[in-house]
Amino acid sequence: MPSPLFRRLRRPPTLDLDDIQATLLRARPEPYFGTHAILEITEPAAGRELLRRLAPRVTSAARWDEPQPSWLALAISYQGLVALGLPETSLASFPANFRAGMAARAERLRDTGVNAPERWEFPFGTPRVHVAVTVFAASEDDWRAEVAAYEKELGEVPGVRLLSHQDFAADGFNVFGYRDGFSQPVVEGSGAEPLPGDGRPIKAGEFVLGYPSETGVPLPVPAPDVLGRNGTYVVFRKYHSHVAAFNKWLHDNASTEAERELLAAKLVGRWRSGAPLALTPERDNPAIGEDPNRINDFDYSADPRGLRTPLGSHIRRMNPRDTKLTVLTDVNIRRIIRRGTSYGTPLPPDRVKDDRKPRGLDFIALGARAIDNVEFLQSEWVGSGNFMGLGKEKDPMISLQDKGAYFTVPGTPPRRVQNIQSFNTLLGGEYFFMPSLSAIRWLGSN
Amino acid sequence: MSENALHAKFQQFPEVVREKVDAALSDAKIALKLRAAEILADKEEMAEHAVTTAGRIGAKSGEVSELTTILPLKPNGAERLRKFFGLVGGNLAGAGQVGTLHNMRFVFLDNDTKLLFATAFDGEWDPYIDDFATKIPEFMDYLFSNVEGWPGITSPDVKDFIVKYQIPAEAWFVAHPNLTVAEGHRLKRQEAAVQRFLSDLN
Numbered sequence: 001m002p003s004p005l006f007r008r009l010r011r012p013p014t015l016d017l018d019d020i021q022a023t024l025l026r027a028r029p030e031p032y033f034g035t036h037a038i039l040e041i042t043e044p045a046a047g048r049e050l051l052r053r054l055a056p057r058v059t060s061a062a063r064w065d066e067p068q069p070s071w072l073a074l075a076i077s078y079q080g081l082v083a084l085g086l087p088e089t090s091l092a093s094f095p096a097n098f099r100a101g102m103a104a105r106a107e108r109l110r111d112t113g114v115n116a117p118e119r120w121e122f123p124f125g126t127p128r129v130h131v132a133v134t135v136f137a138a139s140e141d142d143w144r145a146e147v148a149a150y151e152k153e154l155g156e157v158p159g160v161r162l163l164s165h166q167d168f169a170a171d172g173f174n175v176f177g178y179r180d181g182f183s184q185p186v187v188e189g190s191g192a193e194p195l196p197g198d199g200r201p202i203k204a205g206e207f208v209l210g211y212p213s214e215t216g217v218p219l220p221v222p223a224p225d226v227l228g229r230n231g232t233y234v235v236f237r238k239y240h241s242h243v244a245a246f247n248k249w250l251h252d253n254a255s256t257e258a259e260r261e262l263l264a265a266k267l268v269g270r271w272r273s274g275a276p277l278a279l280t281p282e283r284d285n286p287a288i289g290e291d292p293n294r295i296n297d298f299d300y301s302a303d304p305r306g307l308r309t310p311l312g313s314h315i316r317r318m319n320p321r322d323t324k325l326t327v328l329t330d331v332n333i334r335r336i337i338r339r340g341t342s343y344g345t346p347l348p349p350d351r352v353k354d355d356r357k358p359r360g361l362d363f364i365a366l367g368a369r370a371i372d373n374v375e376f377l378q379s380e381w382v383g384s385g386n387f388m389g390l391g392k393e394k395d396p397m398i399s400l401q402d403k404g405a406y407f408t409v410p411g412t413p414p415r416r417v418q419n420i421q422s423f424n425t426l427l428g429g430e431y432f433f434m435p436s437l438s439a440i441r442w443l444g445s446n
Numbered sequence: 001m002s003e004n005a006l007h008a009k010f011q012q013f014p015e016v017v018r019e020k021v022d023a024a025l026s027d028a029k030i031a032l033k034l035r036a037a038e039i040l041a042d043k044e045e046m047a048e049h050a051v052t053t054a055g056r057i058g059a060k061s062g063e064v065s066e067l068t069t070i071l072p073l074k075p076n077g078a079e080r081l082r083k084f085f086g087l088v089g090g091n092l093a094g095a096g097q098v099g100t101l102h103n104m105r106f107v108f109l110d111n112d113t114k115l116l117f118a119t120a121f122d123g124e125w126d127p128y129i130d131d132f133a134t135k136i137p138e139f140m141d142y143l144f145s146n147v148e149g150w151p152g153i154t155s156p157d158v159k160d161f162i163v164k165y166q167i168p169a170e171a172w173f174v175a176h177p178n179l180t181v182a183e184g185h186r187l188k189r190q191e192a193a194v195q196r197f198l199s200d201l202n
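Just so you know, the protein sequences line up as chains A and B, in that order.
Mind the numbering: the first sequence is residues 1 to 446 in full-length UniProt numbering, read in order.
Mind the numbering: the second sequence is residues 1 to 202 in full-length UniProt numbering, read in order.
Check each hint, because a few of them may be wrong.
Said to hold, decoys possible - Cross-link-like lysine-lysine pairs, in silico, PhoX-like; alpha carbons within 20 Å at most:
{"no.": "1", "chain 1": "B", "residue 1": "K188", "chain 2": "A", "residue 2": "K324"}
{"no.": "2", "chain 1": "B", "residue 1": "K114", "chain 2": "B", "residue 2": "K164"}
{"no.": "3", "chain 1": "A", "residue 1": "K392", "chain 2": "A", "residue 2": "K403"}
{"no.": "4", "chain 1": "A", "residue 1": "K324", "chain 2": "B", "residue 2": "K135"}
{"no.": "5", "chain 1": "A", "residue 1": "K248", "chain 2": "A", "residue 2": "K353"}
{"no.": "6", "chain 1": "A", "residue 1": "K392", "chain 2": "B", "residue 2": "K188"}
Quick caveat, the hints were computed from the structure, so don't treat them as lab data.
A quick note: this is a predicted structure, and the numbers were derived from the prediction, not measured.
For reference, chain A alone in the conformation it holds in the complex (with noise of 0.2 Å):
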């Protein structure tokens, strides 16, 4: 069954469809099921035969908006290319950040204290981080199947080494309760009818290599043309999430479930069905919840204070729709295709105890500027309020909290929430390319 979240293709595709990866255009199934690998080249032409072998495996965006039972993605980092054996002049030509890797970039990404690569889990922040392995299924059978399959191709390659696989499902709701990944931007090019409220299509070169950008030019293709074209970018980022400490704040904060629901929808800007605050602001409306044409179906026009969606709220910090900002901002340059899945189970509203149990969000950011936009993302947006007048207050859900934080909600008079602490904690992460199919098979032939 189709997800009713799956949006539609109504118009014809000017984009390689066919040499793009799936991840990019294809959506989530719900429920879904898969499993993120992290695999080490130590020889040279075993990772070229593993590209080789793979390369049939992967799944391009061709015919995106129909149901497949399963499939596979694959994603490089910098210092997988160079394991590859890449040429320097190849190497040079991409960006310098992503040459660096995320470890290396942890002041720009605000990654101090708890959230430092020190304290990352193996493999993250360690140069034997190559190659990204997922698969996405829409039930267990063909999840277990897919993974079967290129386990089959990895065990048959040695010199290619598994350093970590981590499964993950969920039924589209991520372990706080609330339904997540359904906001993403239109991509022109990709056949996509836009939803209400989802905005203009914005050009395919924000989110694909090779194709003309917001600026009117593509933005940098890395070398060969072969290689970078219908590529993109890939922001990983593992989180644990601290549902109980969630739970708590709430409960510390507010007397009744009636009140802790709506301080908890303050924080996030959402209900726990997804209904966005702005179009139900004194309580969840599920049936908006579970309309695609609704639920994203709104714009901050009427709000400019935040007595409904706070500025502060954690969609509105990563999605200002139409919010005015007191810093020359083009939010259009700022999208970012998600990808995000969650692992371990949800805990419920009422557990305010800690159990121990692995459980949180694989953050996955897409896009041509993707590395960019989430390093700009992480110290704007999630670890600052600058840009929305509101101080030093930093994102309620996804930000690495001071001592003595706190969380204003707008109102007459105004309501400041003491003690916010960080709700997730950062257990590691890298920059990824994410080549096109037929730069697969370039690579796994050279």
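Keeping the supplied structure of chain A fixed, place chain B upon it in accordance with the hints.
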């Protein structure tokens, strides 16, 4: 104050401060050494005005960064820019829309062959350059196309071009290091509300 009194006062500073000052300013007069010791010994003041990096290049104090460039001008570049600056009477009021800009100045050097462009801005070097390329590209290109080698604001080389001509400051002071332009606007609105309230009260 007599020379002896200055020496006596200098001796009152902790040894670690005196040693630092003596090592760096061995040939300076005692009055200057005393001033330097006073600056170093005021830990709170030093911490508030601590100088960090603005990211890619430049100095930052609190939230405020500095950018100083000396750019080679094309022949008649200064003349064209003067026409524009003259038209607006040297008033660049529209630049306020950038929202992170505290100040900026354009100064012609060396017989109009070079342009000194210096500015103080909120945050770090990188974040908003990309936004200028889509929000105010015509204005950026109009001003800087008079500079020799300007690649254009949408060029992928534009950041490297600016960095090539930027000279990082060796020292940087900001009176209110944590007061961003946006915070300044908010405080002005707040002050106006307080004044309105006081007027209404009487």
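Evaluation of the provided hints:
1. B:K188 - A:K324: holds, 18 Å
2. B:K114 - B:K164: holds, 14 Å
3. A:K392 - A:K403: holds, 12 Å
4. A:K324 - B:K135: Since the Cα atoms of A:K324 and B:K135 sit roughly 14 Å apart, the hinted pair holds (cutoff 20 Å).
5. A:K248 - A:K353: holds, 8 Å
6. A:K392 - B:K188: Roughly 18 Å separates the two Cα atoms, so the pair holds.
In this structure, every one of the numbered hints holds.
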